[in-house]
Amino acid sequence: MRILVVEDDTDLNRQLVTALEEAGYVVDSATDGEDGHFLGDTEPYDAVVLDLGLPTLDGLSVLENWRRDGRTMPVLILTARDRWSDKVAGIDAGADDYVAKPFHMEEVLARVRALVRRAAGHASNELTCGPVRLDLRAGRVTVDGTPIKLTSHEYRLLSYLLHHQGKVISRTELTEHLYDQDFDRDSNTVEVFVGRLRKKIGSDLIETIRGLGYRLGAAGDE
Amino acid sequence: MTSDAANGTAEQPARRPQRSLAARLVFVAAVWSAVALALAGVFLVGLYERASERAFDAQLEIHIKAVIAEMLETTDAATARVVSKLTAPTYRGDPRFSLPLSGWYWTVRRAGSDAILYASESLVGDPLNAPPIGDEDSSAGFIAGPTGDEVRVLQQKITVGETAYVIAVAAATAGFWADISEFGRMVALTLCIVGLGLILAIFLQVKVGLKPLARLRASLSAVRQGEAERIDETLPQEIAPLAVELNALIVSNKEIVERARTHVGNLAHGLKTPLSVISNEARAANGPLAEKVSEQATIMSTQIQHHLERARMAAQRRVIGVSCETEPVLARLIRAMEKIYRDKSLSIAFDQKGAIRFRGESQDLEEMSGNLIDNACKWAAAKVSVKVAPFSDPASNRDMFAIVVEDDGPGLTPGERAEAVKRGRRLDETVPGTGLGLSIVADLAALYGGTFELDGSALGGLKARLTLPSLGTE
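Here the protein sequences line up with chains E and S, keeping their order.
Oh and the first sequence: position 110 is 290 in the numbering used here, straight run, nothing missing.
Oh and the second sequence: position 267 is 367 in the numbering used here, straight run, nothing missing.
Pulled out of the complex, with its shape left as it was, chain E reads as follows (with noise of 0.2 Å):
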């Protein structure tokens, strides 16, 4: 799962990044309306965090630009200026979600949660697919109810693709969505993970379609 964060104060995008890295998300930021506006608009992610109050182009202008545009990907607002004119504003906008500042971080993590899962279509916050359960709140994977361990690429290979279950997922959207805009889009590794954590969860649950790309669960099976 890959995140956006546009937030023009540097310790606090540092810290929103550190967060949700830590939460197992891959994580690109920005620290300017112009720029921010530009990698959401041209990579595709699963979510935004977005300051509304931005250097060079507002918060709520870089949102607007972002839906004319068709991009669709949910977006959560963050305001220090919290009164309801301002959080519908953000809302008409075309914001999914705002988070009042100051807020604890907790906060952040799991109205993103909710945004990714929502986005993919699902109501709760733990994925299922046969014998493997994703706990999104603890990051925590079980098979047939039995904890297992898993590195923090293997975590977000089976997190998107339990987000994405039923649908056949490319090699390059793999790698948009699991590695941050510097990775190396030609080299092999998503091969690599695929076969550990198939080694992991069970070989027979992602499926290799020749050419397309992968696919975990049959098509339409939660």
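Rather than coming from a laboratory, the hints here were simulated on the basis of the structure.
Here the structure is a predicted model, which is why all the values come from computation and not from measurement.
Label pairs and their in silico Cβ distance ranges:
(1) S:Glu395 with E:Asp249: 43 to 49 Å
(2) E:Asp360 with S:Arg410: 39 to 45 Å
(3) E:Glu387 with S:Glu395: 48 to 54 Å
(4) E:Arg248 with S:Ala318: 40 to 46 Å
In silico SDA-like cross-links for lysine to any residue, where the CA-CA straight-line distance does not exceed 20 Å:
(5) S:Lys165 with S:Leu186
(6) S:Lys439 with E:Ser304
(7) S:Lys444 with E:Ala290
(8) S:Lys257 with S:Gln159
(9) S:Lys439 with E:Met253
(10) S:Lys444 with E:Ser304
(11) S:Lys439 with E:Ala269
(12) S:Lys444 with E:Glu306
(13) S:Lys478 with E:Glu287
(14) S:Lys478 with E:Ala290
(15) S:Lys311 with S:Leu335
(16) S:Lys444 with E:Arg317
(17) S:Lys354 with E:Ser265
(18) S:Lys453 with S:Asp499
(19) S:Lys444 with E:Asn305
(20) S:Lys478 with E:Arg298
(21) E:Lys329 with E:Arg376
(22) S:Lys444 with E:Glu287
(23) S:Lys439 with E:Asn305
(24) S:Lys487 with S:Phe450
(25) E:Lys329 with E:Ala318
(26) S:Lys439 with E:Ala273
(27) S:Lys439 with E:Arg293
(28) S:Lys392 with E:His284
(29) S:Lys439 with E:Arg298
(30) S:Lys487 with S:Ser557
(31) S:Lys257 with S:Gly241
(32) S:Lys453 with S:Arg498
Beta carbons are placed, not taken as given, at the ideal position from N, Cα and C, and that holds for glycine.
Please build the complex by placing chain S on the supplied structure of chain E, with the hints as guidance.
Showing chain S alone in chain E's frame:
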């Protein structure tokens, strides 16, 4: 306390209503017209009196001349030669000279003597006490006649041979004065009618002349009530600058409020972002210092929130003449709530009776109803109801409307409800971001002269009723 009370009265002296401008103009014009018309009346009656006197005297002069003509035999009838000799006149040119004590008399006496040589029959032997003529050739005056009534007497001196005679003709003045007073009455009546007409004309003139002022007042009142944004400047050139100045004042008022609001917003942003950093840094670390920092950051956050809200409300009080439709504001809020709470699959029912305009800032309406609806959505199990209806407050005779927000959540105990609506308080003083935000609703409602109360809902949860002033239903 005593000094406060004293200050209160000193700052607000009893307002004495000033006399109306129209009444002032009409009063001055009426006094001036009355004086001018009275002077004109006196002058007219005087003129008439003098003219009447001249006409009366001319009539008497004819009779004097007729008496003189009879006294002087100027033609000898036998020889037809002109002679000059005195004969006794028996002049009866007017029947009233024959009628006893008719008021019309003539006499002939020697100059310098009171003894009457000849007199009209009407005197019936009584004297006519005409004043001595002295060296004058003629005189005129008023004297008491033989019956005691006033008569006008004209006298003329003639000399026949060596002897000077004085011929006096007198006539009663009763009819003369009756004429003059009748004329005076007519003049007074006419001038009174003219005066009343003038006052009416002045009144109409003042009314028409001051109409633009009434328009200006109505325009200003419309702005104050939020029905218009600025004063109509199409006014006569004398008061148009006043409207322009007032509009400038309104704009400047709005700018001041806008600036204050921006400052508050900037302050909020400037303080809350570093506070987020501090509290998250402290929560990530361990140890007593981190705990202390985290605890203090929470207190700072609550304090900042509290004082920013107060600052915002203080800025709010200065706004002149704003109003907004309630329906779009609430519909927009409900749309936002449906998005924010979509995980709960809430059903938010919205019902508004007629078009209602809130007499105040849309941001404040949004803040108050936003807090109420957000609170209801937060606690509701499945249902939230938002109802808006106008009503007239019989106590203040003002148009109001009520927003009633209900939910089917757990609700509050009566004690908690009473605590939550206390102004300037927070039920959630130690937990930022999770509060009910109801004290701000109570504060804002009070600022607008509205009310805010909590009750149990028929849906099972909390029922919040907020009343605010409206511009009346349209």
